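I would like the entire structure built from these sequences, with the hints used as guidance.
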Amino acid sequence: MTEKTIKVDYIARVEGQGAINIGITKDGKVENLQFKIFEPPRFFESFLVGRKYDEVMELTSRICGICPVAHQITALRAVENAMGILISNQTKDLRKLMAISAHIQSNVLSMYFLSLPDLMGYESIIAMGKDHLDIVKRALMLKKLGNDITQLIGGRSVHPVTMIVDGFTSIPSKKNFEVIRKRLIDAKKAAFETVDLFTNIKIPDFTRRCEHVAISNSKSYAINDGHLKSTQGIDINEMNYRDFIFEKQKPYSTALHSYIKDRDSFMVGPLPRVNLNLEQMSDDARNAAKNCGVKFPNYNPFVSHLARAIELVHDIDESIEIIDRLPLKEEHSNHMCKSGFGAAITEAPRGSLYHSYVLNNNGVVKKADIVPPTAHNAYNIEKDMREFVQTIIDEPLEDITLKCEMLVRAYDPCISCSAH
Amino acid sequence: MAKKPKIGVFKFTGCAGCQMEILRMEDEFLDLIKLFDICYWKMAKRNNDDKDLDIALIEGGISTPWEIEEIKYIRKNTKFLVAFGDCAIGGCIPSIRNWIPQMESEEIVYPDPSKICSTKLHGIGEYVKVDAELKGCPPHRETILELLKSALLKIIPRLRHHPVCVECKLKGNACLIINNKLPCMGPVISGGCGAICPTLGRICEGCFGPMSNPNAAALAKIFRDIGLNDEDIKRKFRKYSGMSPEFRLEAGH
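Here the protein sequences come in this chain order: A and B. Terminal number for the first sequence in this note's numbering: 420, no gaps in between. Terminal number for the second sequence in this note's numbering: 1253, no gaps in between.
Quick caveat, the hints were computed from the structure, so don't treat them as lab data. Owing to the predicted nature of the structure, the values given are computational and were not obtained by experimental measurement. Using N, Cα and C, we set each Cβ at its ideal position, and we do this for glycine too. Each hint should be verified, as a subset may be incorrect.
[Stated by the list, open to error] Okay, the calculated bits of chain B under chain A, using three or more residues with CB under 8 Å as the criterion:
1) 1043-1049
2) 1100-1106
3) 1166-1177
4) 1181-1191
5) 1195-1206
[Said to hold, decoys possible] Mimicking EDC-like on lysine to aspartate or glutamate, the simulated pairs with C-alpha atoms at most 20 Å apart in a straight line are:
6) K403/A to E387/A
7) K1115/B to E247/A
8) K1169/B to E1205/B
9) K366/A to D1052/B
10) K137/A to E1028/B
11) K7/A to D1232/B
12) K1034/B to D131/A
13) K367/A to D284/A
14) K7/A to E398/A
15) K367/A to E1104/B
16) K250/A to E1106/B
17) K367/A to D1049/B
18) K338/A to D131/A
19) K1076/B to E1106/B
20) K29/A to E387/A
21) K1181/B to E1205/B
22) K52/A to D369/A
23) K250/A to E1070/B
24) K367/A to E1231/B
25) K130/A to D1037/B
26) K1003/B to D1050/B
27) K295/A to D284/A
28) K1120/B to E1070/B
29) K248/A to E1106/B
30) K338/A to E1231/B
31) K1154/B to E1142/B
32) K248/A to E1107/B
33) K130/A to E1028/B
34) K366/A to E1106/B
35) K1181/B to D54/A
36) K1051/B to D1037/B
37) K52/A to D1232/B
Following this line, the structure appears as structure tokens:
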């Protein structure tokens, strides 16, 4: 018999519409645990069929207003893989800069706006303004920096417009990049302060060793290209993703649950990225990780906040590196429509994002398959929560409820994405 | 000082991009929280109150039975209801699926469609009275500011209805239709974006929805003349606002 019920009808401070439902029996057992995603589905995989290859980036951008850049790049790469297009180094670099700027924006949003209020005892960042104006101002400055870079290259920060198959419609001037470069250098201090803040703040002590998954490559901190790797040894080429990652439907969730074939749920996101790819991060980011007193690889999902902060240091460093080597020359693309199957995996701010398309000879989509980070994570969030609740079961109901919400927010779910 | 206007931000079927555009006002954020009493905003706050609002910004369209109930409830509790962005106005990109049988869409996405409760996607105006529309996917933050300033001054917001072409002229852009024979939607699309795309070498795709009283048929004819086939033309109008009365015919109703 259920004795206590933990119920959150609409989880606050996450993107999209999700709920939590947990029953606890008299002898302290957890039952009927559900991370209920009730976000209305939008059926992108259905209406993309019949659309043209050069619209896919623009349409899938609308899957998510927080990570449109990640959807655009993944869609473009999947289409390019289907048509056998190899992009220039400049396009690769500009796309990486776009992706990183979106990471800065999104990770700052997650850390400061969505999760920090819990850790500092406020209901929102709006409420924090009175006592911690300096922190709020720092958050706004960092978020604006990320958004301004996206806007400089993409024309606007939400649903940018300049990225197309095999290139960009327009490239910013050197002068504009110099202004941004200076702001990036100035922002480094705020990034270190962010690492300090999330190093010193108290988080729940909870560890569950699950499989951590992210794309990875030996040359750079993988965001747009790499093999899908894990802490338990998977190593997948993006084109073969569907041989390994499966999905199942839960009756209470409009997001499908992902799992690794013959294995179990897994985690994607900033913590798996830092766990798997720390070696490829910038010197300052690696030092920040080494000196913060938290050991990596780490399996406490609440350390995700700190992982985002460490990524922020790296993101600033790599942005400057890219700006310094960009030739910013005009390029022209000559591509032909070709039928075929193409898949791509990138790292959206909240973790690995998969797109694949089958195109016909005229470049019309015949089949679309999209798995966003939060669909990858949904099942793992439930498994974490089941163990986590056991560790705090004697606390007052209000505290358990808040902590369960905090666990969900540590994953920074993008629920609209998950129910695309 | 007069009482601060109570404002609520609500999400329906959409991508949260419009809410992100509010958060994009980093320079104005501290003023906004001083001047407005933000009572309801799930994505930003844990304590929320949806009663007796002066302004409700509605992001997203309506695609489930409970969303119909919810939007009617908000209407009842709000003085000034704003369709905030293209999804709330007419469903935007996700409304492309309205041309596909519901069951077919559900079967493509879900192993067991019997657990899915979803309808065709409509703007909120299908169900409740709307006091203002903020066009765009997403709306430009200048437009959002215009609306919020008007609310403080208690005047009617000046929202644009002229086509993108006007803004192209102001920017001094060469016309992509006339000079490059490209199928730009600018002549029938509402401005307010500052002609972002043509300025950056891309045709207008139509993300601000129809301008007032556009001649969609004439533009469709121009598209045909520059070499688009019927399917291409249908795709162009069946994108951000295929459900709008202005584009319905060209979108293939």
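Cross-check of the supplied hints:
1. 1043-1049: Contact hint for the region 1043-1049 of chain B vs chain A: holds, 6 residues under 8 Å.
2. 1100-1106: holds (count 4)
3. 1166-1177: Check failed, 0 qualifying residues.
4. 1181-1191: violated (count 0)
5. 1195-1206: Holds, because 7 residues of the region 1195-1206 of chain B bring their Cβ atoms closer than 8 Å to Cβ atoms of chain A.
6. K403/A to E387/A: Answer holds: K403/A to E387/A is near 13 Å, not above 20 Å.
7. K1115/B to E247/A: Status holds; Cα separation ~16 Å.
8. K1169/B to E1205/B: 17 Å, holds
9. K366/A to D1052/B: 48 Å, violated
10. K137/A to E1028/B: 11 Å, holds
11. K7/A to D1232/B: 49 Å, violated
12. K1034/B to D131/A: With a Cα-Cα distance of about 14 Å, the restraint between K1034/B and D131/A holds, given a limit of 20 Å.
13. K367/A to D284/A: Violated, because 43 Å separates the two Cα atoms, which is more than 20 Å.
14. K7/A to E398/A: Holds: K7/A and E398/A sit about 10 Å apart, inside 20 Å.
15. K367/A to E1104/B: Measuring from Cα to Cα gives roughly 13 Å; hence the hint holds.
16. K250/A to E1106/B: 15 Å, holds
17. K367/A to D1049/B: 43 Å, violated
18. K338/A to D131/A: 59 Å, violated
19. K1076/B to E1106/B: At roughly 32 Å apart (the allowed maximum being 20 Å), E1106/B and K1076/B break the hint.
20. K29/A to E387/A: 11 Å, holds
21. K1181/B to E1205/B: Holds, because 15 Å separates the two Cα atoms, which is no more than 20 Å.
22. K52/A to D369/A: Since the Cα atoms of K52/A and D369/A sit roughly 15 Å apart, the hinted pair holds (cutoff 20 Å).
23. K250/A to E1070/B: Violated, because 25 Å separates the two Cα atoms, which is more than 20 Å.
24. K367/A to E1231/B: 18 Å, holds
25. K130/A to D1037/B: 14 Å, holds
26. K1003/B to D1050/B: 17 Å, holds
27. K295/A to D284/A: It holds: about 16 Å lies between the C-alpha atoms, which stays within 20 Å.
28. K1120/B to E1070/B: 17 Å, holds
29. K248/A to E1106/B: Holds, at about 15 Å.
30. K338/A to E1231/B: 19 Å, holds
31. K1154/B to E1142/B: Given pair K1154/B, E1142/B holds - Cα atoms ~18 Å apart, limit 20 Å.
32. K248/A to E1107/B: 14 Å, holds
33. K130/A to E1028/B: Given that 20 Å is the threshold and the Cα spacing comes to 16 Å, the pair holds.
34. K366/A to E1106/B: 17 Å, holds
35. K1181/B to D54/A: Holds - the C-alpha atoms of D54/A and K1181/B are around 17 Å apart, at most 20 Å.
36. K1051/B to D1037/B: 13 Å, holds
37. K52/A to D1232/B: The given pair, whose Cα atoms are some 9 Å apart, holds under the 20 Å limit.
In this structure, the hints that do not hold are numbers 3, 4, 9, 11, 13, 17, 18, 19 and 23, in rising order.
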